[in-house]
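Colleague: Chain by chain, the residues:
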Amino acid sequence: MAPYASDDSTTAGEVDEQRSGRRKAARYIVPVTVVGVAAATIGLVPALADSGDPDLPKITAQQLIEKIAKSDVQQLSGTVKISTDLGLPDLGGLESSLMSGAAGQGEGGSSADPTAKLTELASGTHTLRVAADGPDKQKLSLLENAAEYSIVHNGKDVWGYDSKSNEVYHGTASESPERGKDQQPPATPKDFAEEALKATDDTTSVTVDGTAQVAGRDAYKLVIKPKQSGSTVGAVTVAVDAKTGMPLKFTLTPASGGAAVVDAGFTQVSFAQPAASTFDFTPPKGAKVTEEKDAAKEFGKGSEKDFGKGFDKGRAREHAPKAGEDHGKGLDGMKTIGEGWSSIATFDTGGEGMPSGKAGGEFGGFIDSLGDKVTGKFGSGTVFSTRLINALITDDGKVYVGAVTKDALVKAADAGK
Amino acid sequence: MSQAEVVEPVRPVSPLWTFGLLRSELTTTFRRWRTLALLAVLAAVPVLVGIAVKMETSDGSSPGGGGGGPAFISQITNNGLFLVFTALAATLPFFLPMAIGVVAGDAIAGESNAGTLRYLLVAPAGRSRLLLTKYATVVIFCLAATLVVAVSALTVGALLFPLGDLTTISGTQISFAEGLGRALLIALAVAASLIGVAALGLFVSTLTGSGIAAMATTVGLLITVQILDQIPQLHALQPYFFSHYWLSFADLMREPVYWDDLAKNLGLQALYAAVFGSAAWARFTTKDITA
Numbered sequence: 001m002a003p004y005a006s007d008d009s010t011t012a013g014e015v016d017e018q019r020s021g022r023r024k025a026a027r028y029i030v031p032v033t034v035v036g037v038a039a040a041t042i043g044l045v046p047a048l049a050d051s052g053d054p055d056l057p058k059i060t061a062q063q064l065i066e067k068i069a070k071s072d073v074q075q076l077s078g079t080v081k082i083s084t085d086l087g088l089p090d091l092g093g094l095e096s097s098l099m100s101g102a103a104g105q106g107e108g109g110s111s112a113d114p115t116a117k118l119t120e121l122a123s124g125t126h127t128l129r130v131a132a133d134g135p136d137k138q139k140l141s142l143l144e145n146a147a148e149y150s151i152v153h154n155g156k157d158v159w160g161y162d163s164k165s166n167e168v169y170h171g172t173a174s175e176s177p178e179r180g181k182d183q184q185p186p187a188t189p190k191d192f193a194e195e196a197l198k199a200t201d202d203t204t205s206v207t208v209d210g211t212a213q214v215a216g217r218d219a220y221k222l223v224i225k226p227k228q229s230g231s232t233v234g235a236v237t238v239a240v241d242a243k244t245g246m247p248l249k250f251t252l253t254p255a256s257g258g259a260a261v262v263d264a265g266f267t268q269v270s271f272a273q274p275a276a277s278t279f280d281f282t283p284p285k286g287a288k289v290t291e292e293k294d295a296a297k298e299f300g301k302g303s304e305k306d307f308g309k310g311f312d313k314g315r316a317r318e319h320a321p322k323a324g325e326d327h328g329k330g331l332d333g334m335k336t337i338g339e340g341w342s343s344i345a346t347f348d349t350g351g352e353g354m355p356s357g358k359a360g361g362e363f364g365g366f367i368d369s370l371g372d373k374v375t376g377k378f379g380s381g382t383v384f385s386t387r388l389i390n391a392l393i394t395d396d397g398k399v400y401v402g403a404v405t406k407d408a409l410v411k412a413a414d415a416g417k
Numbered sequence: 001m002s003q004a005e006v007v008e009p010v011r012p013v014s015p016l017w018t019f020g021l022l023r024s025e026l027t028t029t030f031r032r033w034r035t036l037a038l039l040a041v042l043a044a045v046p047v048l049v050g051i052a053v054k055m056e057t058s059d060g061s062s063p064g065g066g067g068g069g070p071a072f073i074s075q076i077t078n079n080g081l082f083l084v085f086t087a088l089a090a091t092l093p094f095f096l097p098m099a100i101g102v103v104a105g106d107a108i109a110g111e112s113n114a115g116t117l118r119y120l121l122v123a124p125a126g127r128s129r130l131l132l133t134k135y136a137t138v139v140i141f142c143l144a145a146t147l148v149v150a151v152s153a154l155t156v157g158a159l160l161f162p163l164g165d166l167t168t169i170s171g172t173q174i175s176f177a178e179g180l181g182r183a184l185l186i187a188l189a190v191a192a193s194l195i196g197v198a199a200l201g202l203f204v205s206t207l208t209g210s211g212i213a214a215m216a217t218t219v220g221l222l223i224t225v226q227i228l229d230q231i232p233q234l235h236a237l238q239p240y241f242f243s244h245y246w247l248s249f250a251d252l253m254r255e256p257v258y259w260d261d262l263a264k265n266l267g268l269q270a271l272y273a274a275v276f277g278s279a280a281w282a283r284f285t286t287k288d289i290t291a
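Each protein sequence line maps, in turn, to chains R and A. Going left to right, the first sequence walks through residues 1 to 417 as my numbering numbers them. Going left to right, the second sequence walks through residues 1 to 291 as my numbering numbers them.
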């Protein structure tokens with residue numbers, strides 16, 4: 001009938017069959033090659049693109065620090081990738097319910113409140129976009145999945161816009177610049193570098209450790225290391241743009257090794273003037289706008305309500321205000337032991353320490369499970385550790401906190417006794 | 001019939017012949033009741049979303065309950081154009097790739113199943129050309145399906161909600177014309193996101209002689225990959241899953257546009273098309289056609 005058996009003749013001899021079998025197998029080489037080439041490209045291209053460290057004139061650490069201080073970059077735009085791994089215990093759902101309560105994301109507050117939103121940077125990997133044009137115009141956007149959170153500072157207005165919930169937060173800059181600086185966690189490599197250099201004194205070794213390429217620009221690497229032992233900070237590396245003196249990348253590695261605790265760097269940067277429209281913000285139609293003053297009021301209301309809801313046993317609610325009182329009292333008597341990197345802050349809560357298993361009910365038991373029990377000459381207490389900050393809370397209510405090892409905390413507690 | 005067979009080979013083969021084959025494939029595919037039903041389901045999704053949002057907000061409340069639901073849903077009441085983005089975000093994870101999986105899975109296996117594949121191969125097109133035509137048909141269906149969702153969403157959005165200047169997710173304002181342009185770009189990005197699934201479906205389709213089996217396997221793979229993409233322990237592998245960068249189309253609504261993930265998505269889809277396209281070719285050109 002129809003001559004359909006054109007390619008694969010059924011009457012072919014044995015030799016033909018073998019040959020065609022081999023020819024059939026040979027065709028599969030094509031997809032295999034494509035996979036191979038793709039894998040090689042994925043593996044090799046980053047290695048090839050890394051054209052080695054740039055050749056730059058030698059510079060001393062002092063000169064480099066001065067360069068950073070003199071750096072006067074007014075106009076820039078770029079993308080910053082920031083990863084934070086503080087090693088905080090993963091509390092999963094509880095954490096987010098606490099966060100939403102504390103951050104006022106419930107019915108009461110606005111999800112566009114900058115202080116609430118930027119706390120998210122404290123964990124995980126985020127992509128930020130920054131743009132600046134002089135001291136009056138700045139924009140910082142946190143790129144989220146199919147959404148974005150932006151803070152726009154233009155003249156005397158400060159806007160926060162959360163595209164996911166279509167909510168707007170409005171503040172005025174007359175009271176905001178200082179407030180904003182203090183309250184917003186550092187986000188760009190420059191912020192981090194300034195914080196790190198503040199701590200520079202005779203307890204610190206600062207060296208220039210070669211050069212690197214960051215975001216396609218030549219940069220010097222400044223390494224800041226604590227001289228004393230006992231600190232949990234291994235080293236701080238700042239990549240400084242050779243031309244402008246602008247810090248481009250900041251890495252904080254813990255003394256215990258492993259991945260960086262904080263790694264913030266530009267992946268793309270331009271020092272040209274950003275488009276003026278970048279800083280224009282009009283609240284979109286239908287968006288819920290929260291004014292700064294209202295927010296504060298509602299925040300108090302909202303958080304109380306949410307906390308109450310969160311722990312509907314009610315026990316925690318009685319506990320919370322009391323802890324707050326203790327805190328206020330204790331903070332007045334805060335002292336610092338030691339100096340430089342291994343300094344330890346200590347204060348007396350005046351209370352009976354952590355709510356232990358019995359006193360704090362279920363909540364206390366939960367807190368206990370997060371820390372390690374330690375004993376020493378000072379008595380006994382609980383150490384709560386992260387990859388950077390450790391805290392010791394003794395059973396008689398003293399608190400020792402610092403970026404130091406557990407042993408250093410116990411030693412400090414022993415000495416304080 | 002016998003007369004036609006005698007006449008055909010005499011005619012000189014025109015270089016446009018491939019387009020003739022493509023046109024006949026397209027007509028067959030788009031005339032199928034199954035295809036039309038799939039497109040009707042896709043067109044219904046924006047209608048449902050639009051009516052649901054309209055009803056929920058008729059008392060003045062904001063939709064999405066403060067951040068829940070598909071992307072962009074909270075903006076729909078202020079600008080109907082956002083319904084296009086919401087509808088694409090809602091259909092991209094499942095409805096769209098499922099429709100592609102059905103059409104792609106059916107491409108070769110369906111012909112084989114119906115016993116029509118051998119007649120297609122009688123024509124002097126060659127197996128490679130036939131496969132290429134089949135793939136082109138599936139890719140055109142990807143675009144058509146996406147545009148059906150987008151156009152339906154735009155119509156519903158214009159009927160139920162106001163239109164006008166819109167705010168990008170970065171907080172800047174763009175004109176309605178530019179918004180429409182972006183919507184078109186987004187539709188293209190979504191259609192391009194599907195060419196990986198299309199190649200995968202075509203490969204599966206060459207493996208079996210049963211159309212239903214090929215469709216089920218493709219849709220099954222789709223669901224499996226989407227589940228694996230949610231498991232945090234596999235995060236080293238996830239950038240290589242075809243669905244991993246699908247939501248990157250939303251980056252087109254940023255100002256300035258954030259291209260990194262979009263480029264990764266396109267590269268990944270091209271890689272899938274190359275790998276599974278060539279695997280399908282290797283399989284199909286060496287296969288014994290028995291039906």
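To be clear, the hints were calculated from the coordinates, so they are not data collected in a lab. Hints should not be assumed to be uniformly reliable.
Unchecked claim - Have a look at the derived ranges for each label pair, beta carbon to beta carbon: (1) A/ALA123 x R/THR33: 24 to 32 Å; (2) A/ARG129 x R/VAL45: 30 to 38 Å; (3) R/LYS285 x A/LEU159: 12 to 20 Å; (4) R/ALA122 x A/ARG23: 55 to 63 Å; (5) R/VAL35 x A/ALA216: 44 to 52 Å; (6) R/LEU44 x A/ALA123: 42 to 50 Å; (7) A/PHE176 x R/GLN62: 54 to 62 Å; (8) R/MET334 x A/LEU184: 40 to 48 Å.
To be verified - Each computed BS3-like pair below joins lysine-lysine, with the alpha-carbon atoms no more than 25 Å apart: (9) R/LYS24 x R/LYS70; (10) A/LYS287 x R/LYS81; (11) R/LYS156 x R/LYS335; (12) A/LYS54 x R/LYS285.
Think of the CB as a built atom: it goes at the ideal place given N, C-alpha and C, for glycine as much as any other residue.
Colleague: With reference to the structure, classify each hint as holding or not holding.
Modeller: Structure-based check of each hint:
no., hint, verdict
1, A/ALA123 x R/THR33: 24 to 32 Å, "holds, 30 Å"
2, A/ARG129 x R/VAL45: 30 to 38 Å, "holds, 34 Å"
3, R/LYS285 x A/LEU159: 12 to 20 Å, "holds, 18 Å"
4, R/ALA122 x A/ARG23: 55 to 63 Å, "holds, 59 Å"
5, R/VAL35 x A/ALA216: 44 to 52 Å, "violated, 25 Å"
6, R/LEU44 x A/ALA123: 42 to 50 Å, "holds, 44 Å"
7, A/PHE176 x R/GLN62: 54 to 62 Å, "holds, 57 Å"
8, R/MET334 x A/LEU184: 40 to 48 Å, "violated, 60 Å"
9, R/LYS24 x R/LYS70, "violated, 69 Å"
10, A/LYS287 x R/LYS81, "violated, 49 Å"
11, R/LYS156 x R/LYS335, "violated, 38 Å"
12, A/LYS54 x R/LYS285, "holds, 16 Å"
Checked against the numbered hints above, the structure violates hints 5, 8, 9, 10 and 11; every other hint is satisfied.
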